[in-house]
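> Read off the chains here:
2 protein chains.
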Amino acid sequence: MALSFGALDQLCVNAIRFLSADAVQKANSGHPGVPMGQAPQGYALWDRFLKHNPANPDWPDRDRFILSAGHASMLLYSLLHMTGYDLSIDQIKQFRQWGSITPGHTERGVTPGVEMTTGPLGQGFANALGMAIAEKMMAARYNHPGHEIIDHRTYALVSDGDLQEGVASEAASLAGSLGLDKLTYIYDDNKITIEGQTKLAFREDVAALFRAYGFKVFGPVDGNDIDALSDALKQAQAVYRKPSLIIVETTLGYGAPNKANTPSAHGEALGEEELAETRQALGWEYGAFEVPSEVTAHMRLALERGAQAEADWNTRFAAYEDAYPQDAVSLKRDLAGELPDDWDAGLNALFDDFKDPIASRAVSGQALVALTERVDNLTGGSADLGPSNNTRVMGRGSFQAETYPGRNIHFGVREHAMGAISNGMAGHGGLIPYTATYLVFSDYMRPALRLAAMSRFHSVFIYTHDSIVLGEDGPTHQPISQLLSLRSIPGLTVIRPADAQETLEAWHFAVAYDGPVVLVLSRQALPPIQRMNETTALHRGGYVVSDHGDTPDVILIGTGSELSLAQQAAVELAKERVNARVVSMPSWELFHAQPVEYRNNVLPPDIRARVSIEASASMGWERYVGMDGAIIGMTGFGASAPGPELLVRFRFTAENVQSTALSVLERLR
Amino acid sequence: MALSFGALDQLCVNAIRFLSADAVQKANSGHPGVPMGQAPQGYALWDRFLKHNPANPDWPDRDRFILSAGHASMLLYSLLHMTGYDLSIDQIKQFRQWGSITPGHTERGVTPGVEMTTGPLGQGFANALGMAIAEKMMAARYNHPGHEIIDHRTYALVSDGDLQEGVASEAASLAGSLGLDKLTYIYDDNKITIEGQTKLAFREDVAALFRAYGFKVFGPVDGNDIDALSDALKQAQAVYRKPSLIIVETTLGYGAPNKANTPSAHGEALGEEELAETRQALGWEYGAFEVPSEVTAHMRLALERGAQAEADWNTRFAAYEDAYPQDAVSLKRDLAGELPDDWDAGLNALFDDFKDPIASRAVSGQALVALTERVDNLTGGSADLGPSNNTRVMGRGSFQAETYPGRNIHFGVREHAMGAISNGMAGHGGLIPYTATYLVFSDYMRPALRLAAMSRFHSVFIYTHDSIVLGEDGPTHQPISQLLSLRSIPGLTVIRPADAQETLEAWHFAVAYDGPVVLVLSRQALPPIQRMNETTALHRGGYVVSDHGDTPDVILIGTGSELSLAQQAAVELAKERVNARVVSMPSWELFHAQPVEYRNNVLPPDIRARVSIEASASMGWERYVGMDGAIIGMTGFGASAPGPELLVRFRFTAENVQSTALSVLERLR
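Chains A and B are the protein sequences, given in the same order.
Here my numbering is used: position 313 in the first sequence is 313, and no number is missing along the way.
Here my numbering is used: position 428 in the second sequence is 428, and no number is missing along the way.
FYI, nobody ran anything at the bench for these hints, they're computed from the structure.
Since the structure is predicted, the reported quantities are computational estimates derived from the model, not experimental observations.
All residues carry an ideal CB built from backbone N, CA and C; glycine is no exception.
Don't take each hint at face value.
Keeping only pairs whose Cα atoms sit at most 27 Å apart, straight-line, the calculated BS3-like set for lysine-lysine is [claimed, not checked]:
hint : chain 1 : residue 1 : chain 2 : residue 2
1    : B       : Lys51     : B       : Lys234
2    : B       : Lys191    : A       : Lys216
3    : B       : Lys199    : A       : Lys199
Which residues of chain B face chain A? A partial, calculated answer using Cβ under 7 Å [what the hints assert, rightly or not]:
hint : residue
4    : Ile101
5    : Pro103
6    : Pro340
7    : Asp443
8    : Asp553
Derived DEER-like restraints, expressed as beta-carbon distance ranges [claimed, not checked]:
hint : chain 1 : residue 1 : chain 2 : residue 2 : range
9    : B       : His592    : A       : Lys93     : 46 to 54 Å
10   : A       : Ala349    : B       : Phe289    : 49 to 57 Å
11   : A       : Gly636    : B       : Leu303    : 43 to 51 Å
12   : B       : Lys332    : A       : Trp98     : 32 to 40 Å
13   : A       : Asp222    : B       : Ala336    : 31 to 39 Å
14   : B       : Pro357    : A       : Asp222    : 33 to 41 Å
15   : A       : Gly636    : B       : Glu576    : 26 to 34 Å
16   : A       : Asp341    : B       : Ser659    : 44 to 52 Å
17   : B       : Ala525    : A       : Asp341    : 53 to 61 Å
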């Protein structure tokens, strides 16, 4: 593997440039400029440093590569295609078309070799931190002297757009604090942004800034100087206890005679004419989508190197298995995303423990203790609200620069990065991440939640202080719109348990389910719900808690802390000979996944007298109460006052449920 | 005004400490530690530097003070009370109680003298930037040589929690780029966070970091050394073309013998015993809520100074009025939040211009040009998507460090800070800010949007690329949950216009309405809607576009780009002798504000055959179609493919509207 910048290197770099530009041209849509500028970086990293096996994108000890500026997707598709991943030239020709595996922005699970879904800027930067955390934590857990079985690096290619996003700053600060030395960012500084020069809005001294964050900074390196970049990458590998940033000065749309260095090279095809002129300017004699055979021959050496690297690792893993058989079993299980056989034994033992009222956040805290005893790779923390979110697991230590075996992560007051780091950890594999903050601050991390849902990551998002009842902190801290907003994200399962029993079941579901789950928990104590049947049916999303007669006159639907109000009201209504069915609806998503027969059993379509009760936005409950029922919810923001008083002021009382039910019945009579 | 640190200063500082601690103790809820640590900073700034008039919190040329860590609200309430604002000791005793004007976190519009609603961390940091931008921009517009009629500073007291939030990093980077030298941050570095020591997750070199952002950095200053802090504040006033950061090392819960420097001093009352011991430790001989008369006498000198300062300004304003009568009229109007008489003339002239299909973002761009010609203080920009959002107004220049008269703001790729800056600009007064990005990225700025709604700011949030029809960029960029999520925020008016006419009316509403308005606009061209009546009734939120008979058989409800599908379907249904009413529903909020008679006229309650069509999350439309209707919407994420193909693939076609309507009618027969 020659390190000199020879003619073959140049050919490979230009092959990436033209394959990218050709694909954008054919789609007549996309972003040619960044791949053309970043081609040398992509090539240098992938050809000379990246440890990977194109024949097995899932090899656990591969280096991770994240293209944070996902709009440069053609750079990655070119690299994947050329190095021998299962991505054909025909798929490249189908760039941005229906049904192709080459979407406009890189999507995990769609294209072999794409580690993360990127495009929304800044996310990939923080995802990379999550991957580096996962590597360090798993290495600390599983490696033994002479058996460095987890030993890989994380690389991310980031743009000025990424660096401008706050989520990247949050991640940079935490990465520096954690001293993650196997994390390397390559910063593509092309000085151009959609509105013009980046200096319009971005004049910071990036090198000084990252040094202040605790990074080792290299460069600026000339974007076409592959040897200089290789040198920096090599040095970065030797840095101890610091992440690295390599600044590379590039040219957006490099080679395009009229459009290079202009915003127009960013987000639209070059045009046939400009593309032809670019071919001329760079002396590219090949046709559209043509990859010279020398390039293919050279870049597909990655297959050989990868096969060799994986074979070496397999040999080392066999030795590891001999020396540490139990760890090997456990590691394989973690990597396969499987749970130990008795994973839920501790959790199940808790079910009889809660006879008195208790906050669901407190039950969640105990569930977490019980679960992590057996599910050791369930790991995470809070955005500096651990004591309030009940997420700190005593005895498991803190994950710090000095203590990588620690399992409690301190994210700092950085909700957004926390979400994106969780995604990176889940994307790495081997860990089940959980994160926590107040429900109202879920707003801060929505872009990451959305990508968790799109990527179907197995991860748990814990949100406590779930309603106005948190009290005196007031409207700034009281969630109103958040519950509905979370429910509206496709692929996210949102659960708001009503008591201890439902909370334990919710945790059971969250750990067993292979997708992102949101747990919405109370600050205040919740009484145990009296159920007709001993067990709940939380996994069905909604179920009948109690009936007061054969055919219900009215259905009262509650979630979380308000379910008990429904139940109290039902008792009172029974005294007035009104049969009120009480339905617990902890999860809309799970309920909707049930067969229609089940749903119609719980909510018979002909019973239109319905009342929903939830101390959150009333919007959305029309789904269950229709046009004839009534919704007890919030239509404005909350207020600063003790929680019990707020319940009365905003009419979340059993009396109001009762009288609302009666007036609905009256109206329908 | 003595600058020496004398006994009276000490008495004032301790008075702030104990009034704060007493109020938290009485409420048995709140955050005593930060006010106790920050009391010297609050005192030094307010007593020696802040230009304000407690008798008139609305005096336009006052300095602005933002307490970014809103949980330290008692610090600000103490200062307001002691310097003579209309905030009685009885209100302080009602801290965190229902109906008081002393809520748990500081809220604009609730307490006289509170400039911004804070509490969600990081927001106040970015709000301060918005205020400083407003000051610079208005000074550039209105000041003349010898007539510095706009000349005030912005101060923000920020915590480590604020600095950890990405929105603060975004704002710091932009503040440095813009060189705003009348912006001063005081950073309270108390080394303690809820989970323990800040260094658990925060080890960056803050001074070096802010220097890299382009700040002048002072300190670290001892938190009890008022003179040293005063010296730094004085020096900060002389800095040219750089914002300032003063680092102050403080003690959380200063004076509390057992709880100082511990996380427990952060978020709960000290307890009677500890409070008594603190009194002893600091030699405080006064009772609960007692402010020594010397303190009151000294601190209320602010009233005299303030009256004098405002009187001076009034004199100068009179001279300004003489010299620049037209500017004076315009400035007074801007400050009063009023519009010029002919403000909408240019906009109204556009109504006949759009006979051909055109994207609503393009119409919006033209509306903005027409509006800003007359409404000069309508100002803003995009998070680096100006050319796509159609928000750049040619001829109005760029607001840059070198060109403060410019009216186009380049926020950079910083959606979250953009939202918080908009809030700061609106909170400053005198400007109507607008901001823009793609609809999907509204997620990045939700915490700021929520505070805009809570603060009822007159501001416009423009979101283009409003559905899957944006096409090839794929699911990462296609909004699904965002529309419903925005509608669920109380106090926000969300408008998704269906064609050029509705877009112009939406802009008309947004400029005239005194509250935050969200405009949701298409990337693709929309045909002009054929209406029964010539005018729309957009301001009513929903209205009948067309009827095909006397009594509708079925109601088709559409918004934005999908309204035309409803109309095409209605024409086809008429051929089958089905009378379909077409309702345009651009704004749920405006429709719900209508009298029930109007709403029942548009959507007669007895007509249950209803179909909604919106290329967004289907969730929520049950509100209008009930349990008997049907919803044509999205239930998952989108895909990367050309927009027209996606419409067919996801069944947003007139044919599907038609057949869905027929099957609803069939079901109800």
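> Hint by hint, say whether it matches the structure.
Hint-by-hint comparison with the structure:
1. B/Lys51 to B/Lys234: holds, 13 Å
2. B/Lys191 to A/Lys216: holds, 25 Å
3. B/Lys199 to A/Lys199: Cα-Cα ~33 Å, so violated.
4. Ile101: violated, 10 Å
5. Pro103: holds, 3 Å
6. Pro340: violated, 29 Å
7. Asp443: holds, 4 Å
8. Asp553: Violated: closest Cβ of chain A sits about 18 Å from aspartate 553 of chain B, beyond 7 Å.
9. B/His592 to A/Lys93: 46 to 54 Å: At 50 Å between Cβs, range holds.
10. A/Ala349 to B/Phe289: 49 to 57 Å: holds, 51 Å
11. A/Gly636 to B/Leu303: 43 to 51 Å: Given about 35 Å between the Cβ atoms, the range is violated.
12. B/Lys332 to A/Trp98: 32 to 40 Å: Because 58 Å falls outside the window, the suggested range is violated.
13. A/Asp222 to B/Ala336: 31 to 39 Å: About 56 Å separates the Cβ atoms of aspartate 222 of chain A and alanine 336 of chain B, which means 31 to 39 Å is violated.
14. B/Pro357 to A/Asp222: 33 to 41 Å: violated, 47 Å
15. A/Gly636 to B/Glu576: 26 to 34 Å: About 45 Å separates the Cβ atoms of glycine 636 of chain A and glutamate 576 of chain B, which means 26 to 34 Å is violated.
16. A/Asp341 to B/Ser659: 44 to 52 Å: holds, 51 Å
17. B/Ala525 to A/Asp341: 53 to 61 Å: holds, 59 Å
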